Structure formats: C-alpha cells, structure tokens
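Once you have looked at the hints, place chain U on chain P.
Okay, here's what each chain looks like letter by letter:
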Amino acid sequence: MFRQKKLRDEREIVPEKLEEKINYKIFGLIFVAVIGFQLYLYTYKNLDDPQLELNATLADFMTPLVAAIAGLFVAKRYWNSEVFGKSYLALALGMLMNALAEIIYYIYEQQGQTPSPSIADLAWLSFYPLTFYHLARNISFFKPKIGRPVKALVILIPIVITGVYAFLEYGQEQAADAVFFLGLAYIVGSSVILSGAILGAMIFRQGTLGTPWLILAIGIVLTTAGDNWYSYLDVYDLYTIVHPLNLLWYGGYLVIAYALYKHKKVI
Amino acid sequence: MSGLDALIAKSLESTIRENLGEQTYQKIGQRLFERHGIGFTQAVEDFKKLDAVLRELFGSGAEGLEKKLIEKIIILEESQRKDKKWITIEDQSLTKMILESLGDEDKKNIVNSVIDESRIISDILEISKMPQTSGYRKVNSLIENGILIPHGFATTHDGKKVTKYKSVFENISIEIEKNKVIIKVQPTEESIENSRILQIACL
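Chains as they are written, first to last, in my numbering: chain P, 1 to 267; chain U, 1001 to 1203.
Isolated chain P (complex conformation) (with noise of 0.2 Å):
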C-alpha cells in the first residue's frame, strides 16, 4: 500500500528541466563491438583471404546499412513535415549510398577492375551532399542568423583539414592528377560536414535535441577523422584491408544509427 502511494507520488513529478542523457552503456557496447571485430580480422594470417576480404566488406557494407535504416524509420516518423521528414531522409540516402559503394567496390574487386576510381566513389561521394543538406536544412531552419565568430570557425576547419591534405599530398606526388582530386575531394566533403554537424550540435546544445545532434557530431567526426587518415594513408600507400582506421568507420556509422535513435526518442 506505502510502496504503492509512493510509486504513485513518484510518477507525478513533473521534472523542472527536460533532460535526455547519454546512455554510454551503448557506447562501450559499440567500442567492445568494433574492436571485437577488428580482432578477429588480425586473426587471419594472409591478407589476401577471400574470406577476410568478404567479412571486412560485410562489416563496412552492414555498419553504414544500420545507420540508414535508422534514418529511415526516423525519416518515416515525421515524413509529413517540411524540416524533419526530407532532411532525415537525405541523411538515410547518404548513408545507404556508402553501403552501396562498398558493395560496388567488392564487385569490382573481384572481377579484377580497378575499384577506384570508379562509379563506387561517386557512390561514396553523394554522401557528402545528402549529409549537407540534411545539416543546412536543419541549420537554416533553426538558426537562420549566426555569429561571426561561429561563422568564421565553421569556414576555417575545412579549410584547414582541406590545406594540410592538398599540401601533403601534393608534396608525395608532385602531380595534381585525377587521384589526387578524387582524394580531394572527398576531404573537402568530409570536413564540410564536419564543421556542420559541430554547428548543429553549437545550436542545440541546450535544448533537449543537443544530445541527438552531439551524439550524430561524435558519429560523423569518426567517419570524418576515418576519411581523412584514409586519405593521408593513401598518399603513402599504407592501408590494409585489417587497419585499425576501420574502428573509426565502423563506430562512426553504428555511433550514428544511436543518434538517430536518440532523436526519435526526444522528439
């Protein structure tokens, strides 16, 4: 009877401050995850493995796939409406065209074609405007004005992230050929995105929304800080199949799809 009353007195509390916490159980559950899998990719002893090559594509074809069902479902709640519905729905478009892309880059590889350049990275790189327009739709919508500070700071990163790639790899080349573009290109997308979703998460952070939109910023400055350490280990000729930079794709997307699910949740 007492524990009933005070179940009752508990329930009609009505919290001062609408509040939505980080559930970091998801997170070290994602991070147990993705090193998991990377350790079980060191455990073949051959690089060339038709088997470890089909696993490594599954993982990076089934990560960014969660994602976009994720941004779906998400896209699908609030598909009536003029902001939410479209901008989720490019976000979902955009993760499920990198799925894509890795499929195509498998297909490719074992016909014995050289994967890249080719329709693969056009898949990869309509990521990035989906992802844009997710973020400026959301942006404009919600923060027409912004300060110069925040301005500045939004321009300054990609050009910086952008600057210290051209100058790298162009010092290892010494040629601006077609390689060397496609690897621009997707550095300028990458930290266009990324200083996108760090304003995204600057707008929102003392709403209830701020946790969808920092979670989605960790997710996409994973992805990001994978793109480029790929493209710097490009330059040099140093990635495998097995790298570690894996981790950050792998987490990124799955860190993602917990955003998505987040932002259902709160709103």
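No lab work stands behind these hints: they were computed from the structure.
From a predicted model like this one, the values you see are computed outputs, not experimental measurements.
Hints may contain errors.
Said to hold, decoys possible - Pairs of lysine to any residue residues, derived as SDA-like cross-links and limited to a Cα-Cα distance of at most 25 Å, are as follows: (1) U:K1072 to P:K21; (2) U:K1068 to P:V154; (3) U:K1164 to U:I1121; (4) P:K21 to U:K1027; (5) P:K264 to U:R1035; (6) U:K1027 to P:G85; (7) U:K1048 to P:L130; (8) P:K145 to U:R1035.
What the hints assert, rightly or not - Covered by chain U, per the in silico footprint, the following chain P stretches (three or more residues, Cβ under 8 Å): (9) 71–77; (10) 141–150.
A virtual CB, placed ideally from N, CA and C, is assigned to each residue, including glycine.
Just chain U now, with coordinates in the frame of chain P:
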C-alpha cells in the same frame, strides 16, 4: 495578450504541425501541459510559455524556429518609418478570416468606427447604426478574432468603468494577383510594441 498576437496565434498552431510534424507537435503539447498546465492553443496565445518549452527542446534553435514559423504567417515589410510598418498576411486561413470580417458590411462599419479613435461598444453600435443584439454579436466576433483590441477605459455616468476598443490595424490593403488574394495591413504603433510575436519576427 496583444491583439496582433491573438490574430497571428490562430495560424501558428497549424504551422508548427506542418513544419515539424504531428509527433513533434504532440511532444510540445505534452510538455506544455505537464509544465504549465495549458494546452497548445492557450500557449500560442501566452507566447512566453510556448517559447520556454521550445527552448527546452530545441535550445537556441528555438529562435530560428519561431522566426520561421511566424514568417510563414506574416511578412514584415521594411519601412523608413519604424512606426508605420506594413505586414503581408501569408497564411491563407488568416487572409480568409480578415476578408470575412471586412466583407460583412456591418463588421466593416464597426472597424471603420474605431480605426482612428477607441470607443466603448455602445458608442460603436450607435455610430455604425446597428441594433444591439446582432451588433454585440458582431463586435464580440471581431474581438475574438483579434481585429478589435481593448484600448483604455471610459467611465459611465453611474461611475462604472467600461472597456474601450480600437482596431488593431490603421490601414488595410487588398490586392488580387492571379488566383491569390494578398492582404497587407498596417498595425497601430502600440500593437507592434505590445506584440511578443512581432518582436521575434523583427529580430
């Protein structure tokens, strides 16, 4: 609440639904009820409470959200004179409501009688030459729609204080472009000053 806010509030609710979706609308409504004990319609009229809940959910994004929502209803035109601002009514339901009010000959006479000067209802009816019963009904309908706003008091011969009313607009212009009716209104200076919603739109 400002008369202008009451007028705009009629459309704000549906605009939130259209832009942020039914789920978000319900979430905002749920929080308004548990935090302030009011429904959405009341909160739109008590804009501070709606603003507080939007900030709780969207952080500083609430500013842009409010501005965008208001811009879907009205557009404030830049003018040299700050006290003489023209507002274009974008929302069609609001346009319809204003047209219906002004299309009625009696209501038009009522509004005309209080454009320059605030008056008590009995004076309005006398000037407009309207019978008491239907006259009161039409005046009340204009007050409910926010076209007439309370503006000071008058004391009757028996010492009672009676509210005086004034039109929320000084001038109204109606244009027809193809199939679209465009209504531009010029609110009174004090309507603009007292409108919380317009303050946000002017940011």
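Okay, which hints does this one fail, numbers in order? 1, 7, 8 and 9
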